[in-house]
Amino acid sequence: GENVEQHPSTLSVQEGDSAVIKCTYSDSASNYFPWYKQELGKRPQLIIDIRSNVGEKKDQRIAVTLNKTAKHFSLHITETQPEDSAVYFCAASMSNFGNEKLTFGTGTRLTIIP
Amino acid sequence: NAGVTQTPKFQVLKTGQSMTLQCAQDMNHEYMSWYRQDPGMGLRLIHYSVGAGITDQGEVPNGYNVSRSTTEDFPLRLLSAAPSQTSVYFCASSYSGGGDTEAFFGQGTRLTVV
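For the record, the sequence lines run as chains A and B. Using my numbering, read the first sequence as starting at 1 and increasing by one per residue. Using my numbering, read the second sequence as starting at 1 and increasing by one per residue.
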């Protein structure tokens, strides 16, 4: 089955600086790569996703890049703000229709230092 | 729209007891899944369903049963609770028609088995 590795497990950055979280996956059939943000005691919420036919996607301060050959994808957050502090999870799935089988990384706890 | 609703939010069980975690969605999503979240391990798939009457096992199915009699509901049953099943459980649903296939999560059930 699919295996997703995520690094680093913790990350602290100064407010205003950029943060990068990296994930690798094992199954070349995976074609959908979402990123979820989870605040303490809350549910995971999708912040951005990318499909395997796209190399990069951006949404305001958040961007995701995908390298299919190397089987890795990364989350980039620019101009970090205190509200970016949370746990971030990457995931992968072979999604032709829905997303019933997501394989998650182990999470990155991001702390923004004011 | 309520989205994905899980009940209860908190539960304490004694070893050997059984219980059912409820999950309901009002988005007419065909795909539904159950995950457990343990510290340092991300979210792991327990069982999933691609439609009423169709279920399958995920990564960690032992000790859990599911059924899907309606599109809206996807209950998770613990047959004989064990301390190893202490975890936070999340239900998720997603659209199966292609295009926007974001998985939406419920607010979680925190289960403690003593």
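Take these hints with a grain of salt, some might be off.
These stretches of chain B come out as covered by chain A in the derived footprint (C-beta under 8 Å, 3 or more residues) [to be verified]:
no.	stretch
1	38-49
2	64-70
Each computed DSSO-like pair below joins lysine-lysine, with the alpha-carbon atoms no more than 30 Å apart [stated by the list, open to error]:
no.	chain 1	residue 1	chain 2	residue 2
3	B	K14	A	K71
4	A	K71	B	K9
5	A	K42	A	K57
6	A	K57	A	K22
7	B	K14	A	K68
8	A	K22	A	K68
9	A	K57	A	K71
10	A	K37	A	K68
11	A	K37	A	K57
Some chain B residues near chain A, calculated using beta-carbon distances under 7 Å [stated by the list, open to error]:
no.	residue
12	S94
13	T101
14	E102
15	A103
Derived from the structure by calculation, the hints contain no laboratory data. This one's a predicted model, so the numbers in the text were calculated from it and none came from an experiment. A virtual CB, placed ideally from N, CA and C, is assigned to each residue, including glycine.
Checked hints:
Coverage of the stretch 38-49 of chain B by chain A holds [criterion: at least 3 residues with CB-CB distance below 8 Å; count 8]. With 0 residues having a beta carbon nearer than 8 Å to a beta carbon of chain A, the stretch 64-70 of chain B misses the requirement of three or more and the stated coverage is violated. For a cut-off of 30 Å, the pair hint linking K14 of chain B to K71 of chain A is broken: about 44 Å separates their Cα positions. The straight-line distance between the Cα atoms of K71 of chain A and K9 of chain B is roughly 37 Å, outside the 30 Å bound, and the hint therefore fails.
Pair hint K42 of chain A plus K57 of chain A holds up; C-alpha atoms about 26 Å apart against a cutoff of 30 Å. This hinted pair checks out: K57 of chain A and K22 of chain A have alpha carbons roughly 15 Å apart, not beyond 30 Å. For the hint pairing K14 of chain B with K68 of chain A, the CA-to-CA distance comes to about 47 Å; that exceeds 30 Å, so the pair is violated. The hinted pair formed by K22 of chain A and K68 of chain A meets the criterion: a straight-line CA distance of about 14 Å does not exceed 30 Å.
Pair hint K57 of chain A plus K71 of chain A holds up; C-alpha atoms about 16 Å apart against a cutoff of 30 Å. A C-alpha spacing of about 23 Å is found between K37 of chain A and K68 of chain A, which places the hinted pair at or below 30 Å, so the restraint holds. Straight-line distance between C-alpha atoms of K37 of chain A and K57 of chain A comes to about 17 Å, which keeps the hinted pair within the 30 Å bound. Hint on S94 of chain B holds. Least Cβ distance to chain A is approximately 4 Å, under the 7 Å limit.
Using the Cβ-Cβ criterion of 7 Å, the hint placing T101 of chain B at the interface with chain A is satisfied: the shortest such distance is roughly 5 Å. Against a cut-off of 7 Å between C-beta atoms, the interface hint on E102 of chain B holds, since the closest Cβ of chain A lies about 5 Å away. Interface hint status for A103 of chain B: upheld, as the beta-carbon distance to the closest one in chain A is roughly 4 Å, under 7 Å.
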